[in-house]
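Take a look at the letters that make up each chain.
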Amino acid sequence: MSGIVIAVVVLTVLALVFGVLLGFAAEKFKVEGNPLTDQVEALLPQTQCGQCGYPGCRPYAEAIAGGDKINKCPPGGTATMEKLADLMGVDPEPLNATEEVQVKKVAYIREDECIGCTKCIQACPVDAILGSGKLMHTVITDYCTGCDLCVAPCPVDCIDMIPVEQTTKTWDWQLNAIPVKQLQEDKPC
Amino acid sequence: MLTLLEQIDKGTLWRSHGGVHPPELKNLSNKTTIRQIPLANQYVLPLPQVGDSALLAVKVNDRVLKGQALTSGTSFAYSPVHSPTSGIITAIKAMPSNHASGIEVLSCVIQADGLDEAKTVEPSDIETLSNQDILKKIQQAGIAGLGGAAFPTHIKLSPASDIELVIINGIECEPYITSDDRLMREHSDEILSGIAIIQRLLSPKRIIIAIEDNKPEAIDAMQHALNRSQLASGSTRITAVPTKYPSGGEKQLIQILTGQEVPSGAIPAQLGMLVQNVGTAYAINDAVINGYALTNRVVTVTGLNSQTPGNYWVPIGTPVKHILDSLGFSGDFSSDKIIIGGPMMGHSLPDLAAPVLKGTNCILLPSKEEIADDVTEKPCIRCGECAVACPALLLPQQLFWHSKAEEYDKAASFNLHDCIECGCCSYVCPSDIPLVEYYRIAKSAIRSQTEEKKQADFAKQRFEARLQRLEEEKLAREAKAKEAAERRKGTMAASDKNAVAEAMARIKAKKAAEQASENEAAEPQLDKKAQIAAAIARAKAKKEASASNSSESTTSVTIDDKKAQIAAAIARAKAKKSSTPAADVSVNSSQDPQALDKKAQVAAAVARAKAKKAAANTATAQPSELSVELQTDTETTVDTPVNDKQAKIAATVARAKAKKAAANSAVAQPSELLVELKTDTETTVDTPVNDKQAKIAAAVARAKAKKAAANSAVAQPSEQSVELETDTETTVNTPVNDKQARIAAAVARAKAKKATAKLADETTDVVQNTNESLAEASISDNGALSGLDDKPYAPTEPVSPSQEGEVKQQEPASTMTAEQQKKARIAATIAKAKAKKAQAKLQEKE
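From first to last, the protein sequence lines stand for chains A and B.
According to this note's numbering, the residues represented by the first sequence are 1 to 189, in order.
According to this note's numbering, the residues represented by the second sequence are 1001 to 1846, in order.
Worth double-checking, as some hints may not be accurate.
Here are the simulated DSSO-like cross-link-like pairs (lysine-lysine), alpha carbons at most 30 Å apart as the crow flies [stated by the list, open to error]:
(1) A:Lys169 / B:Lys1454
(2) A:Lys169 / B:Lys1410
(3) B:Lys1410 / A:Lys83
(4) B:Lys1482 / A:Lys119
(5) A:Lys169 / B:Lys1059
(6) B:Lys1321 / A:Lys169
(7) A:Lys83 / A:Lys104
(8) A:Lys119 / B:Lys1480
(9) B:Lys1454 / A:Lys83
(10) B:Lys1026 / B:Lys1321
(11) A:Lys83 / B:Lys1404
(12) A:Lys104 / B:Lys1454
(13) B:Lys1453 / A:Lys30
(14) B:Lys1497 / B:Lys1511
(15) A:Lys169 / B:Lys1404
(16) B:Lys1410 / A:Lys69
(17) A:Lys169 / B:Lys1137
(18) B:Lys1454 / A:Lys105
(19) A:Lys119 / A:Lys72
(20) B:Lys1093 / B:Lys1137
(21) A:Lys104 / B:Lys1093
(22) A:Lys72 / B:Lys1410
(23) B:Lys1404 / A:Lys72
(24) A:Lys83 / B:Lys1453
(25) B:Lys1453 / A:Lys104
(26) B:Lys1454 / A:Lys119
(27) A:Lys104 / A:Lys69
(28) A:Lys169 / B:Lys1453
(29) A:Lys105 / B:Lys1453
(30) B:Lys1136 / A:Lys169
(31) B:Lys1489 / B:Lys1508
(32) B:Lys1497 / B:Lys1510
(33) A:Lys30 / A:Lys105
(34) A:Lys105 / B:Lys1093
(35) B:Lys1474 / A:Lys119
(36) B:Lys1093 / A:Lys169
Hints listed in this document are in silico derivations from the structure and should not be mistaken for laboratory results.
Chain A with its partners taken away, still in its complex shape (with noise of 0.2 Å):
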């Protein structure tokens, strides 16, 4: 009889102890939001095009993770698609765009055309264009990320996105191979 109020007491105190810990570890290790989305956002082209649908890219991180299709992200690709179905569990989908605007532009003002409205400033979600009123404005093609969101607002349309260009230290490096046919030493050359 004692052994039953014993184990009943013990487990009570057990229950309570690990009860406070729990409670304790809950406030003390609190994560805010949820860190699912931080993946997603890690896996998404930063681009801040607005494309999904979405005011930016962690914007659409949150929508995926709380239940929204993976594929609205075209600037991200195929690839980022599969990623995105292999961290959410889902099955891949086909992206929702065409395959050539996943090709890598660049805004580029017409500079000689630009008439200095400062529309295309105010559109840029990543600063990348520089100008002043009634002056010229110029993209940094460095931190352009070709989101086209500058093209629209141009009430003189002098912006064009031109892809990038491949220059030697972002060649791809697809070549056939050169073989080397094996001789023989003793062979005259």
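We have chain A already, so just place chain B on it with the hints.
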């Protein structure tokens, strides 16, 4: 246990992992001395070589000399590009690069003039130069690693940590290439001189000149040169290294010579070691001792397709095509490959216009027999040969597996970045898999992914910074708006208070002025008071008269000539007004440019305005009686010499009020209207009055006048009783000038004209039928003009409208002839007016 240095001194060698023994085929090109090749017509120098922070120092059509720098730069990593010969720069444009891709890069095209004129250089004494000077000379000479990587030498020679061991790399392990071999054989002394400079810069404990044992002549030559040189034999030694590919690789050579492995991602300098090519040592000597820039290098041209295989001094920037043309190329340009570098690590050249660079040590022209046909890749059989051959201790088949599947992150986890792309795995692969190609593709993909990731992070950073900025701007804007609103509120309250205070002050001032005028104005203004009284009396009399329908006007005051004149003028003006509606009224009353006249004018203007009003009222009010009581009390307290302006102002104000009253009365049609207008106008002018104020007042008055006229013309009132009390207090402390007075007068006149014209236009018929017209204007003029000897007057003229303009318009108001004449004329005018009135009455009666 021996220390490392003791083991090095003993000549101990360690075994490096992997490696292959491909056929060397070096005897093809190492039998002849290094020769010169003929000058090319055109040289192409890619501008951004290693170290991109450079500025172009020349422009198109500049003539450059051999050894002249084409770029300038100040950064530490900057390495200049020099002209290899003398000539004219014909273009600076994108030209095909000496790269596996053949992508065009910005290049300087120099048209050689054939003179090969060199920039004058001064040989310098190494003893007098400081280490910094030497490094600067090396940098200015544009010396880069001539072994193939072309890394700027001056960076390598100024390491952050101490260098204990310098290795001079004379291994040249790749098949076919013999440029270092020939250089060591022919220029060993210069190389050792360069090594001495390196030793001076770094002061290492040991220097090892490592040469593969397949180059015994080179080893001999270097040994002799070392014995001849001043380098301490204890610290410098020549080590023969067994022939194996790729023992010439930096990390592999360190492994062989010291047994130490350079950690992944580290550089040899972190182990206190430094590796330099023999060719670089030669170039350092040339630059520091002789002062020559690096403008040419030894290039091995070999292969069975080469007609004259051997080593050549080739100016850097020489197009490969020129070399082939001048040395003889027996192959077919379209089908035979031209390989830059050795067969193991080199790449085929897509465009023959590409130039020789600092790192180009070999142009390989293999025949079809030498290189295999493009064999088809067979599946990997997992034999593991590649893992055995790999000098970097990697697992090539795993790397291949993941690279082929494009699982680049997994390939990276197998340390793909440690692959030196030596090609050993491809060489040994029984399935003919071009493993290195897969690795290169995977590496570039990983590189671009990393770059993208970096850019994405940067974009995210900028995006977040922008959002924060916008948020801050918004908050700042709101705060500013709030602040502005509060400020506005504050100032508004203050101004309200001010206004109240001002009003109070004005009331007080007014009271005081009233008292003062009552008390003080007694003595000097007795006359005036009398006049005022008289005027009032007159006005009353008139009223009575008009009330009893009498059209006669009684002038019950006897005045002096002037007054008479003025009165006459006024009368005339009124008459004109009422009688000649559209005519030009030019009352020329300012013949006498005295102040008196002016005042008179002012008064006249006031009177006219009132008269107009009355006329308007009467004209419009057809059927009934109109009684306008206009009481204008103008209190003028003048403490200083008074002037016309104040008078004017007062007059203007009075006029305005009168007009308003008239307008009001005119609008009220059917019933009896009693308008009591009490207007207290206080004009307190403490400062010298200027024209502007007067003008403004005039403008205001004009506007009102117009309005009133319009109103009155439209309205048809029956009985109207307008009581207009205008108290005008003008306290003026400053003197004014004549001009303003004149202007005011003119303005008043103009207004009067306008108003009458309007009235007349619309009410011509009405006027005829008007029985009675009563205009009562009692003006107590501001006669208390102490400074001037003017006299107050109160012209009151009942006006009987008449269409016949008998009154002469051009008649001057005041003539300067005899007073009697004037009087007579005045009398005549008055008589005429009366006559007209009477006529009108008669007509009506009839």
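Hint check:
1. Restraint check for A:Lys169 and B:Lys1454: satisfied, since their Cα atoms lie roughly 16 Å apart, inside the 30 Å limit.
2. Between A:Lys169 and B:Lys1410, the direct Cα distance comes to roughly 23 Å. Compliance with the 30 Å bound is thereby established for this hinted pair.
3. Only pairs whose Cα atoms come within 30 Å are accepted, and B:Lys1410 paired with A:Lys83 is accepted, the gap being roughly 14 Å.
4. Distance restraint check for B:Lys1482 and A:Lys119: the Cα-Cα separation of roughly 28 Å lies within the 30 Å cut-off, and the hinted pair is therefore satisfied.
5. The hinted pair formed by A:Lys169 and B:Lys1059 meets the criterion: a straight-line CA distance of about 26 Å does not exceed 30 Å.
6. A C-alpha spacing of about 24 Å is found between B:Lys1321 and A:Lys169, which places the hinted pair at or below 30 Å, so the restraint holds.
7. Using a Cα cut-off of 30 Å, the hinted pair A:Lys83 and A:Lys104 holds, with the two alpha carbons roughly 19 Å apart.
8. Straight-line distance between C-alpha atoms of A:Lys119 and B:Lys1480 comes to about 24 Å, which keeps the hinted pair within the 30 Å bound.
9. For a cut-off of 30 Å, the pair hint linking B:Lys1454 to A:Lys83 stands: about 18 Å separates their Cα positions.
10. A hinted pair counts as satisfied when its Cα atoms are at most 30 Å apart, and B:Lys1026 with B:Lys1321 qualifies at roughly 23 Å.
11. The straight-line distance between the Cα atoms of A:Lys83 and B:Lys1404 is roughly 18 Å, inside the 30 Å bound, and the hint therefore holds.
12. In summary, the hint linking A:Lys104 to B:Lys1454 is supported, as the alpha carbons are separated by about 15 Å, within the 30 Å threshold.
13. Annotation: proposed proximity of B:Lys1453 to A:Lys30 holds, straight-line Cα distance about 29 Å (limit 30 Å).
14. Proposed proximity of B:Lys1497 and B:Lys1511 is supported: the alpha carbons are some 21 Å apart, at most 30 Å.
15. Restraint check for A:Lys169 and B:Lys1404: the C-alpha separation of about 22 Å stays at or below 30 Å, so the hint holds.
16. Pair hint B:Lys1410 plus A:Lys69 holds up; C-alpha atoms about 27 Å apart against a cutoff of 30 Å.
17. At most 30 Å may separate the alpha-carbon atoms for a hinted pair to count; A:Lys169 and B:Lys1137 meet this at roughly 29 Å.
18. Between B:Lys1454 and A:Lys105 the CA atoms are separated by roughly 17 Å; this keeps the pair inside 30 Å, and the hint holds.
19. For the given pair, A:Lys119 sits about 27 Å from A:Lys72 by alpha-carbon distance, which is consistent with the 30 Å threshold.
20. For the given pair, B:Lys1093 sits about 29 Å from B:Lys1137 by alpha-carbon distance, which is consistent with the 30 Å threshold.
21. Under the criterion of a C-alpha separation no larger than 30 Å, the hint pairing A:Lys104 with B:Lys1093 is consistent with the structure, at around 25 Å.
22. Distance hint between A:Lys72 and B:Lys1410 is fulfilled; the C-alpha atoms sit about 26 Å from each other, no more than 30 Å.
23. For a cut-off of 30 Å, the pair hint linking B:Lys1404 to A:Lys72 stands: about 28 Å separates their Cα positions.
24. Note on A:Lys83 and B:Lys1453: the hinted pairing holds, with a Cα-Cα distance of about 14 Å set against a maximum of 30 Å.
25. Annotation: proposed proximity of B:Lys1453 to A:Lys104 holds, straight-line Cα distance about 14 Å (limit 30 Å).
26. Restraint check for B:Lys1454 and A:Lys119: satisfied, since their Cα atoms lie roughly 28 Å apart, inside the 30 Å limit.
27. Distance restraint check for A:Lys104 and A:Lys69: the Cα-Cα separation of roughly 23 Å lies within the 30 Å cut-off, and the hinted pair is therefore satisfied.
28. Restraint check: the Cα-Cα separation between A:Lys169 and B:Lys1453 comes to about 17 Å, which is no more than 30 Å; the hinted pair holds.
29. For the hint pairing A:Lys105 with B:Lys1453, the CA-to-CA distance comes to about 16 Å; that is within 30 Å, so the pair holds.
30. Between B:Lys1136 and A:Lys169, the direct Cα distance comes to roughly 28 Å. Compliance with the 30 Å bound is thereby established for this hinted pair.
31. In summary, the hint linking B:Lys1489 to B:Lys1508 is supported, as the alpha carbons are separated by about 29 Å, within the 30 Å threshold.
32. Straight-line distance between C-alpha atoms of B:Lys1497 and B:Lys1510 comes to about 20 Å, which keeps the hinted pair within the 30 Å bound.
33. For the suggested pair A:Lys30 and A:Lys105, the alpha carbons sit about 41 Å apart, so the restraint of at most 30 Å is broken.
34. This hinted pair checks out: A:Lys105 and B:Lys1093 have alpha carbons roughly 23 Å apart, not beyond 30 Å.
35. For the suggested pair B:Lys1474 and A:Lys119, the alpha carbons sit about 18 Å apart, so the restraint of at most 30 Å is met.
36. For the hint pairing B:Lys1093 with A:Lys169, the CA-to-CA distance comes to about 19 Å; that is within 30 Å, so the pair holds.
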